[in-house]
Amino acid sequence: MVPGRCAIVGVGASKIGEVPGNSPLTLQVDAISDALDDAGLDVGDVDGLIVRGPDDLYCYHQRVGQRLGINPRFATTLDSGGASQALGVGLAALAIDAGWCSTVVCGYARDGWSRTRSRKLGPSTEAKSSTSMQVALVPQQQQAREFGPEYGFFGAAAMHALGATRHMHLYGTRKQDMGAVAVAFREHASRNPVAQRREPLTLDDYMSARKVVHPFNVLDCSLLTDGAGAVVVTSADRARSLARRPVYIQGVGSANNHQGWFSDEHMTTTAARPSGEQAYAAAGLGPRDIDTVQLYDCFTYMVIVQLEDYGFCAKGEGGAFVSSGALRLDGQLPANTSGGELSEGHVEGMLQIVEAVRQLRGDHPADRQVPDAETALVSGHGGNTVCHATLILSR
Amino acid sequence: MDRPPEKPLPIPAPESTPFWEAAQRRELALPFCRRCDQFFTPPAARCPLCLEDDLQWRGVSGRGQVFSYTTYHRAYHPAYRDSLPYVVALVQLEEGPRLVSNIVGCSPHDVHCDMPVEVTYEQRGRAVIPQFAPAR
Numbered sequence: 001m002v003p004g005r006c007a008i009v010g011v012g013a014s015k016i017g018e019v020p021g022n023s024p025l026t027l028q029v030d031a032i033s034d035a036l037d038d039a040g041l042d043v044g045d046v047d048g049l050i051v052r053g054p055d056d057l058y059c060y061h062q063r064v065g066q067r068l069g070i071n072p073r074f075a076t077t078l079d080s081g082g083a084s085q086a087l088g089v090g091l092a093a094l095a096i097d098a099g100w101c102s103t104v105v106c107g108y109a110r111d112g113w114s115r116t117r118s119r120k121l122g123p124s125t126e127a128k129s130s131t132s133m134q135v136a137l138v139p140q141q142q143q144a145r146e147f148g149p150e151y152g153f154f155g156a157a158a159m160h161a162l163g164a165t166r167h168m169h170l171y172g173t174r175k176q177d178m179g180a181v182a183v184a185f186r187e188h189a190s191r192n193p194v195a196q197r198r199e200p201l202t203l204d205d206y207m208s209a210r211k212v213v214h215p216f217n218v219l220d221c222s223l224l225t226d227g228a229g230a231v232v233v234t235s236a237d238r239a240r241s242l243a244r245r246p247v248y249i250q251g252v253g254s255a256n257n258h259q260g261w262f263s264d265e266h267m268t269t270t271a272a273r274p275s276g277e278q279a280y281a282a283a284g285l286g287p288r289d290i291d292t293v294q295l296y297d298c299f300t301y302m303v304i305v306q307l308e309d310y311g312f313c314a315k316g317e318g319g320a321f322v323s324s325g326a327l328r329l330d331g332q333l334p335a336n337t338s339g340g341e342l343s344e345g346h347v348e349g350m351l352q353i354v355e356a357v358r359q360l361r362g363d364h365p366a367d368r369q370v371p372d373a374e375t376a377l378v379s380g381h382g383g384n385t386v387c388h389a390t391l392i393l394s395r
Numbered sequence: 001m002d003r004p005p006e007k008p009l010p011i012p013a014p015e016s017t018p019f020w021e022a023a024q025r026r027e028l029a030l031p032f033c034r035r036c037d038q039f040f041t042p043p044a045a046r047c048p049l050c051l052e053d054d055l056q057w058r059g060v061s062g063r064g065q066v067f068s069y070t071t072y073h074r075a076y077h078p079a080y081r082d083s084l085p086y087v088v089a090l091v092q093l094e095e096g097p098r099l100v101s102n103i104v105g106c107s108p109h110d111v112h113c114d115m116p117v118e119v120t121y122e123q124r125g126r127a128v129i130p131q132f133a134p135a136r
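Chains as they are written, first to last, in the working numbering: chain A, 1 to 395; chain B, 1 to 136.
Bound conformation, chain A alone (with noise of 0.2 Å):
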């Protein structure tokens, strides 16, 4: 894929947070008819079309185009957990470039505040209720049938937390350094209007937190939101023709360690590291080279172990680059400047993509604007812990 032939044009959000009584399916629908007045298209030009949806909903994409009223030459539904938003993004390049499609649709919604929500309060004992607490935090379709219940181990932050509690064995990684991640994306969500968690956040906030999973407490965790982004793909000469200013899209990477979180040394040096490679290398471009990152902060180490993975810092610095401040948006390299999973909302790393297109049109107020954002990183990681994607992008 050259860099630069393909372009994000339109992006767009529904409502985030606590938005009960919408299905995800009309979430993203407001996601994609924000993204295409925001690029001045309708959605008789839409051709393509990938998302994501709930695992328990057959043919997303179906679902999704008959709302659109389109019958789209080229369409998907992707199940890499959290890689997928940016793997979308990049196979719609893929797609346009090699004349399967002109113009493509990548979005994913989900209701994840509403899921959880709505059978807490649900009449039940109380037993039930907890069970559905469980049912509710660990979708049914992902949830063990061995190897995981019988131990009580269940849910993402606990294997995520196998990566934090190895990480800091090796690496001396701190509490405080993860504080570090909360703190300084809560500082961002302050500024962002929509951001589902806006209150100040200090250290010693975090530092007091309730615990989940040693050794995150509810402020090493990525919210719970009702929400959907969405973006607009098109070619570069076709974007020159259209109303806002084009990203273009200059390297993508992934990587899947399908020998799983547990295997070799995956849980502390991540697919973030071959991901990144493959995307730097065709984007002709390094760490030095990226003004902004829009990183996977499902939990506050990933963002940590992400960062050494990209080569912003070297392995098992992480911690001590993060506390460093450098995250800020005054500082070396400001990241999820909207607030991240960790404070804006969960919407699956759609909003970290949304996010990095209006830093570098250069779109928001000062007090939110990375200065001279030229070039940014977008990550994507999930799918049994193991999948990533990446997105260089560029003005």
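Watch out, some of these pointers could steer you wrong.
Here are the in silico distance ranges between beta carbons for each label pair [unchecked claim]: (1) B:Ala44 <-> A:Asp289: 40 to 46 Å; (2) A:Asp79 <-> B:Ala44: 16 to 22 Å; (3) B:Arg63 <-> A:Gly99: 21 to 27 Å; (4) B:Arg58 <-> A:Lys15: 27 to 33 Å.
When the alpha-carbon atoms are kept at most 20 Å apart in a straight line, the in silico SDA-like pairs for lysine to any residue are as follows [unchecked claim]: (5) A:Lys175 <-> B:Cys113; (6) A:Lys175 <-> B:His112; (7) A:Lys211 <-> A:Ala156; (8) A:Lys175 <-> B:Val128; (9) A:Lys15 <-> A:Pro274; (10) A:Lys175 <-> B:Pro85; (11) B:Lys7 <-> A:Gln143; (12) A:Lys211 <-> B:Arg124; (13) A:Lys175 <-> B:Val111; (14) A:Lys15 <-> A:Glu199; (15) A:Lys211 <-> B:His73; (16) A:Lys15 <-> A:Arg197; (17) A:Lys315 <-> A:Pro274; (18) B:Lys7 <-> B:Arg124; (19) A:Lys211 <-> B:Leu84; (20) A:Lys15 <-> B:Lys7; (21) A:Lys211 <-> B:Val128; (22) A:Lys211 <-> B:Gly59; (23) A:Lys175 <-> A:Ser208; (24) B:Lys7 <-> B:Val128.
Calculated directly from the structure, the hints in this document are not laboratory data. Idealized CB from N, CA, C, for every residue including glycine.
Given chain A, work out where chain B should sit, using these hints.
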């Protein structure tokens, strides 16, 4: 007061059945590929390295080290509420493969990476669940 719900039992996949049958005998066993000369997890019908399907289930010593661990402070399932805080660990067996299990027989505060452990067995209903405790 109602009895708390019971902790789940494993629901074995066909390829995992020998693991749970060995546990019934208070033994720890894993599939072994003779061509690659190594054990592998998770249990599968073919070796993931060479795809050989002529596998042998062999016993392992039950000794290993904590590769990593986490401590639950919140119950994700009502049956575990009374067990809080409890430890889930990834144990590196001395033969090489890694297994998820609980660390029992000590305080969660005493668990650390590289801690030597050995297998112990918990009877739970009709099932036997391998666990790990600090090595004596």
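Results for each hint:
{"no.": "1", "hint": "B:Ala44 <-> A:Asp289: 40 to 46 Å", "verdict": "holds (43 Å)"}
{"no.": "2", "hint": "A:Asp79 <-> B:Ala44: 16 to 22 Å", "verdict": "holds (21 Å)"}
{"no.": "3", "hint": "B:Arg63 <-> A:Gly99: 21 to 27 Å", "verdict": "violated (59 Å)"}
{"no.": "4", "hint": "B:Arg58 <-> A:Lys15: 27 to 33 Å", "verdict": "violated (57 Å)"}
{"no.": "5", "hint": "A:Lys175 <-> B:Cys113", "verdict": "holds (16 Å)"}
{"no.": "6", "hint": "A:Lys175 <-> B:His112", "verdict": "holds (16 Å)"}
{"no.": "7", "hint": "A:Lys211 <-> A:Ala156", "verdict": "holds (15 Å)"}
{"no.": "8", "hint": "A:Lys175 <-> B:Val128", "verdict": "violated (37 Å)"}
{"no.": "9", "hint": "A:Lys15 <-> A:Pro274", "verdict": "violated (35 Å)"}
{"no.": "10", "hint": "A:Lys175 <-> B:Pro85", "verdict": "holds (19 Å)"}
{"no.": "11", "hint": "B:Lys7 <-> A:Gln143", "verdict": "holds (15 Å)"}
{"no.": "12", "hint": "A:Lys211 <-> B:Arg124", "verdict": "violated (28 Å)"}
{"no.": "13", "hint": "A:Lys175 <-> B:Val111", "verdict": "holds (17 Å)"}
{"no.": "14", "hint": "A:Lys15 <-> A:Glu199", "verdict": "holds (19 Å)"}
{"no.": "15", "hint": "A:Lys211 <-> B:His73", "verdict": "holds (6 Å)"}
{"no.": "16", "hint": "A:Lys15 <-> A:Arg197", "verdict": "holds (14 Å)"}
{"no.": "17", "hint": "A:Lys315 <-> A:Pro274", "verdict": "holds (14 Å)"}
{"no.": "18", "hint": "B:Lys7 <-> B:Arg124", "verdict": "holds (8 Å)"}
{"no.": "19", "hint": "A:Lys211 <-> B:Leu84", "verdict": "holds (12 Å)"}
{"no.": "20", "hint": "A:Lys15 <-> B:Lys7", "verdict": "violated (39 Å)"}
{"no.": "21", "hint": "A:Lys211 <-> B:Val128", "verdict": "violated (31 Å)"}
{"no.": "22", "hint": "A:Lys211 <-> B:Gly59", "verdict": "violated (38 Å)"}
{"no.": "23", "hint": "A:Lys175 <-> A:Ser208", "verdict": "holds (11 Å)"}
{"no.": "24", "hint": "B:Lys7 <-> B:Val128", "verdict": "holds (12 Å)"}
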